[in-house]
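There are 2 protein chains.
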Amino acid sequence: MPEAPESDPKTPYAQLLAELREVAVLSSINSTLGWDQEVMMPPAGAGLRGEQAAILSTLIHERRTSARMGELIAACEADADVMADADAAANLRNLRRDYDRATRLPTELVREMAEVSTLAMHRWREAREAADFPGFAPWLERLVRLNRDTAHALGVPEGGELYDALLENYEPGMRAAELDRVFGELRAGLVPLIRDLRENGTRPDTAWMRIPLAVDAQVAFNRAVVERMGFDFTAGRLDVSTHPFCEGAGPGDTRLTTRYDETLLLSALHGTVHETGHGLYEQGLPKAERFGQPLAEAASMGIHESQSRMWENFVARGRPFWEWALPELQRRVTDPAVGRLDVDTVFRGLNQVEPNLIRIESDEATYNLHIMLRFDLERAMLRGDLPVPELPGAWNERFRADLGLETPSEREGVLQDIHWSMGAIGYFPTYTLGNLYAAQLWEALRGDLPELDDQLRRGEFGGLLGWLRTHVHAHGRRYTAPELCQRATGRPLSHEPLLRYLENKLRPVYGME
Amino acid sequence: MPEAPESDPKTPYAQLLAELREVAVLSSINSTLGWDQEVMMPPAGAGLRGEQAAILSTLIHERRTSARMGELIAACEADADVMADADAAANLRNLRRDYDRATRLPTELVREMAEVSTLAMHRWREAREAADFPGFAPWLERLVRLNRDTAHALGVPEGGELYDALLENYEPGMRAAELDRVFGELRAGLVPLIRDLRENGTRPDTAWMRIPLAVDAQVAFNRAVVERMGFDFTAGRLDVSTHPFCEGAGPGDTRLTTRYDETLLLSALHGTVHETGHGLYEQGLPKAERFGQPLAEAASMGIHESQSRMWENFVARGRPFWEWALPELQRRVTDPAVGRLDVDTVFRGLNQVEPNLIRIESDEATYNLHIMLRFDLERAMLRGDLPVPELPGAWNERFRADLGLETPSEREGVLQDIHWSMGAIGYFPTYTLGNLYAAQLWEALRGDLPELDDQLRRGEFGGLLGWLRTHVHAHGRRYTAPELCQRATGRPLSHEPLLRYLENKLRPVYGME
Chain H
3 MPEAPESDPK
13 TPYAQLLAEL
23 REVAVLSSIN
33 STLGWDQEVM
43 MPPAGAGLRG
53 EQAAILSTLI
63 HERRTSARMG
73 ELIAACEADA
83 DVMADADAAA
93 NLRNLRRDYD
103 RATRLPTELV
113 REMAEVSTLA
123 MHRWREAREA
133 ADFPGFAPWL
143 ERLVRLNRDT
153 AHALGVPEGG
163 ELYDALLENY
173 EPGMRAAELD
183 RVFGELRAGL
193 VPLIRDLREN
203 GTRPDTAWMR
213 IPLAVDAQVA
223 FNRAVVERMG
233 FDFTAGRLDV
243 STHPFCEGAG
253 PGDTRLTTRY
263 DETLLLSALH
273 GTVHETGHGL
283 YEQGLPKAER
293 FGQPLAEAAS
303 MGIHESQSRM
313 WENFVARGRP
323 FWEWALPELQ
333 RRVTDPAVGR
343 LDVDTVFRGL
353 NQVEPNLIRI
363 ESDEATYNLH
373 IMLRFDLERA
383 MLRGDLPVPE
393 LPGAWNERFR
403 ADLGLETPSE
413 REGVLQDIHW
423 SMGAIGYFPT
433 YTLGNLYAAQ
443 LWEALRGDLP
453 ELDDQLRRGE
463 FGGLLGWLRT
473 HVHAHGRRYT
483 APELCQRATG
493 RPLSHEPLLR
503 YLENKLRPVY
513 GME
Chain C
3 MPEAPESDPK
13 TPYAQLLAEL
23 REVAVLSSIN
33 STLGWDQEVM
43 MPPAGAGLRG
53 EQAAILSTLI
63 HERRTSARMG
73 ELIAACEADA
83 DVMADADAAA
93 NLRNLRRDYD
103 RATRLPTELV
113 REMAEVSTLA
123 MHRWREAREA
133 ADFPGFAPWL
143 ERLVRLNRDT
153 AHALGVPEGG
163 ELYDALLENY
173 EPGMRAAELD
183 RVFGELRAGL
193 VPLIRDLREN
203 GTRPDTAWMR
213 IPLAVDAQVA
223 FNRAVVERMG
233 FDFTAGRLDV
243 STHPFCEGAG
253 PGDTRLTTRY
263 DETLLLSALH
273 GTVHETGHGL
283 YEQGLPKAER
293 FGQPLAEAAS
303 MGIHESQSRM
313 WENFVARGRP
323 FWEWALPELQ
333 RRVTDPAVGR
343 LDVDTVFRGL
353 NQVEPNLIRI
363 ESDEATYNLH
373 IMLRFDLERA
383 MLRGDLPVPE
393 LPGAWNERFR
403 ADLGLETPSE
413 REGVLQDIHW
423 SMGAIGYFPT
433 YTLGNLYAAQ
443 LWEALRGDLP
453 ELDDQLRRGE
463 FGGLLGWLRT
473 HVHAHGRRYT
483 APELCQRATG
493 RPLSHEPLLR
503 YLENKLRPVY
513 GME
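Here the protein sequences come in this chain order: H and C. One point on numbering: in our numbering, the residue at position 13 of the first sequence is 15, and numbering is uninterrupted. One point on numbering: in our numbering, the residue at position 119 of the second sequence is 121, and numbering is uninterrupted.
It cannot be assumed that every hint is accurate.
[Claimed, not checked] Looking from chain C toward chain H, a few residues come up when the C-beta cut is under 7 Å (computed):
| id | residue |
| --- | --- |
| 1 | Val27 |
| 2 | Ile31 |
| 3 | Pro45 |
| 4 | Leu50 |
| 5 | Thr236 |
[Unchecked claim] To list a few chain H residues with every Cβ distance to chain C over 10 Å, as calculated:
| id | residue |
| --- | --- |
| 6 | Gln17 |
| 7 | Arg23 |
| 8 | Ala46 |
| 9 | Arg51 |
| 10 | His63 |
| 11 | Ala155 |
| 12 | Asp255 |
| 13 | Thr336 |
| 14 | Asn358 |
| 15 | Gly449 |
| 16 | Gly513 |
Hints are computed from structural coordinates only; laboratory data are not their basis. Positions of the beta carbon are idealized from the N, C-alpha and C atoms, including for glycine.
Take these sequences, add in the hints, and give me the full structure.
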């Protein structure tokens, strides 16, 4: 920690950095235990794990909101020497924001939200199983009310709306009005594109996806791809869990998970590449020196998602990637059906566009319509414009209008996602923000890396990763996501790069070049 | 927790139990992280793991030695109702002992011991590699001095000697004079037994041990044995690590490790069975209700070791076990060399007695001579009767006398074990205590279970496990190890059962029935 010279260990800033590191180390324990819970823990260990997490969460929350933390932040802000240092000033800007937000929430409200959301998640599972929205509605109503109270306690940003106070939890600096504008423009281009593709009459061949492949062979192929992408296995792992995730516990320890299905040739690959995108961001943050400081943290959920989606979709659903990856796969698999595959078939199959009732099974284009729908509905619920009992009707109507699908039951409709039952309002938009940021960064980096496609055709990812390291990973939270976007791409966030990218990729897949 | 009724959550005893459980949950985190470190952690995560362990250890130590903990213990001791309850009284007896011992140690001494032993372990590794005892001697001298200071701070038990204060860390209630007596009697019988076997001229066939077996097949066989022994896999795991161990983190989570070598038919089996013995004890302690209370903790290291060694040696190196296990193995392995094996060959091969320079490679009989030698030498060093520079000479001389082997270098001699470099004096005797307790428990339980051999021949371990659950596991630390031995076997600790067992098993193996 360059700001904490050993000769003067007692400056408030040195004390602050030491305290931040301790809190981060405590948090990293919860991260490792969380990974263990999903990947290793025997089922009977669940009770103990809950006790461990509860004690750690209390310790962490106490330290993050302690009077001492507040005093140290204030002392540093009052120190002109500290604030003259750009790094220190960036840290303190974020720390002030986080501390104020954390201490503004009444303990009772935090406790109630935790309690209600735990019960609501159980109730949601039952309700989804039974396609019983009325059974879940009272819980959702409570959670919307609690979110409203939370938003009021956190405070509405100047010129903003209530929703913005919650959006700040996930996407600092973003505003609902801005999302509304960008999403609206994207939707205006996306709906006709998807209609054109559907009415085109052709469909890519996807039968090859159901070529079986033994799990061992899939594991070896996935691992080879992850390694080639630049993920450091001396500082990370790749394992199996029911729901794939990435856990960046701290310096030197970033863990990915995926899941395999031996009836599908590429069952795990895009999930694995997605999580590796998150993992490369975690490994690229300057944690070795700055663990615990905002400068070593991700800029936002949207930026995090931009990394995973860029690798998953822009790279691993792109033609150049498969010119390298298909021979790699064929080299490892003796099945002649795999040997007969060609890059064009794989590329087209991976880019089929087909409206799906389920968000997480959706393609790159229709996925965003799922998100916009959720954003509009949760914003309306929070505002009080959409009473919870009317939610399924609003959902189904919008689904029909945007995706042309009838929703047969609430299980495949409004009850499909866990997020609202966890009390998370303001989270969904970060998924489409991830796509938007990915596209805008992708355009910018392609300008800087004219050889990129040739490199991808050879399975060389160092140029791409290097650009992301320099323009995104290295900055941590030095800039907000909107600022980072402006700096890295020279433009504010826009719907155009994503729409251009989808148009240019998908129309040719459907023979409309 | 039956002692903490919800209607009166504020009694000092209820508060004490809640505090103990929190400390135990914090400790269990360190256990899980320790397991992860050996089994899962990527190498670059070592630095973060060290920071995690340091923070947790500090939190745990602060709570264990806090003024509040002392006040709660004292308040309970002063409460006649609490002390009238046998469970509560047993808990408090142990808590008083532990608290007093923990608070007697000056912080500075604890810090110095931690610091010196960390450095000494590094130095020991280098010294062992180079067979350079003089390079390690100054560190050992410091550690002996620190152990002497520690023993003085802890206080010598009445009528005891300095060594007893350290022995209490591992084997509460045991005394060096008692060890001296029992070990001496055992040695007097063991040395001539081993000489007879060596001079007998025959040697069991052990060539079959070098039949190779693929790791996958070994894993399946080991897992089947562990499951059959009664280890609950819904509350535990079996994985691979460089050094096998058992980690009983807490209720519902007990993890075993082993290691495989595909050039050896049974490479992992006895290590696995050993750790499973520890694991069955951990799973048998009443942690679900009493986690954090002494009543849910192991009685001593010696008792813990008695469980692992009983299963490893008394069961899995016994003939009845192999009448079940050999067909089980043969059923899973197609190699005709395995098919040709018979129970007698396996039984004799597994019970070869052959003095070995290395403790951890030694057989059931000679192993104890290794321990007695270490006990005598560390006791003499602590007392000041054996200057550290004279240690290698004393070691080699004793080795020649007891085992008839010349020690070619200190690497295979006095530098072979890590224990002293960790500052652990008083630990070694618990290994032979484990053998002694195992033999004495084994005699007692065979009296109670006349069908045992028939059960073992059918791979039925429930009778044995049930006896151990009732007579050992269920008690936790209700009794000291000497008391537990007396209650479970009707006699104080004696060398006779172990000597009888070894005589009765080993002479026939060498054709001296």
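For each hint, the structure was consulted:
The restraint placing Val27(C) at the interface with chain H holds, with a minimum CB-CB distance near 5 Å, inside the 7 Å limit. Given the 7 Å rule on beta carbons, the hint for Ile31(C) holds: about 5 Å separates it from the nearest Cβ of chain H. Evaluation of the Pro45(C) hint against chain H yields a held restraint, the C-beta minimum of about 5 Å falling below 7 Å. Hint status for Leu50(C): holds, given a least beta-carbon distance of 4 Å to chain H, under 7 Å.
Among the interface hints, the one on Thr236(C) holds; its C-beta lies about 5 Å from the nearest C-beta in chain H, closer than the 7 Å criterion. Consistency note on Gln17(H): stated as away from chain C, and its beta-carbon is indeed over 10 Å from all of that chain's, at 16 Å minimum. In this structure Arg23(H) is not separated from chain C by more than 10 Å, as the shortest Cβ-Cβ distance comes to only about 8 Å. Not every Cβ of chain C is farther than 10 Å from the Cβ of Ala46(H); the closest lies at roughly 3 Å, contradicting the non-interface assignment.
Listed as a non-interface residue, Arg51(H) fails to keep its Cβ farther than 10 Å from every Cβ of chain C; the least gap is roughly 8 Å. Residue-level check passed: His63(H) sits 15 Å from the nearest beta carbon of chain C, beyond 10 Å. The beta carbon of Ala155(H) sits about 29 Å from the closest Cβ of chain C, which is more than 10 Å, so the claim that it is off the interface holds. Listed as a non-interface residue, Asp255(H) fails to keep its Cβ farther than 10 Å from every Cβ of chain C; the least gap is roughly 3 Å.
Distance to chain C confirms Thr336(H) as a non-interface residue, since its nearest Cβ pair spans about 20 Å, more than 10 Å. Every beta carbon of chain C lies more than 10 Å from that of Asn358(H), the smallest distance being close to 36 Å; the non-interface claim holds. No Cβ of chain C approaches the Cβ of Gly449(H) within 10 Å, the least distance being about 34 Å, so the stated non-interface status holds. Distance to chain C confirms Gly513(H) as a non-interface residue, since its nearest Cβ pair spans about 46 Å, more than 10 Å.
Hint violations for this structure: numbers 7, 8, 9, 12, all remaining hints satisfied.
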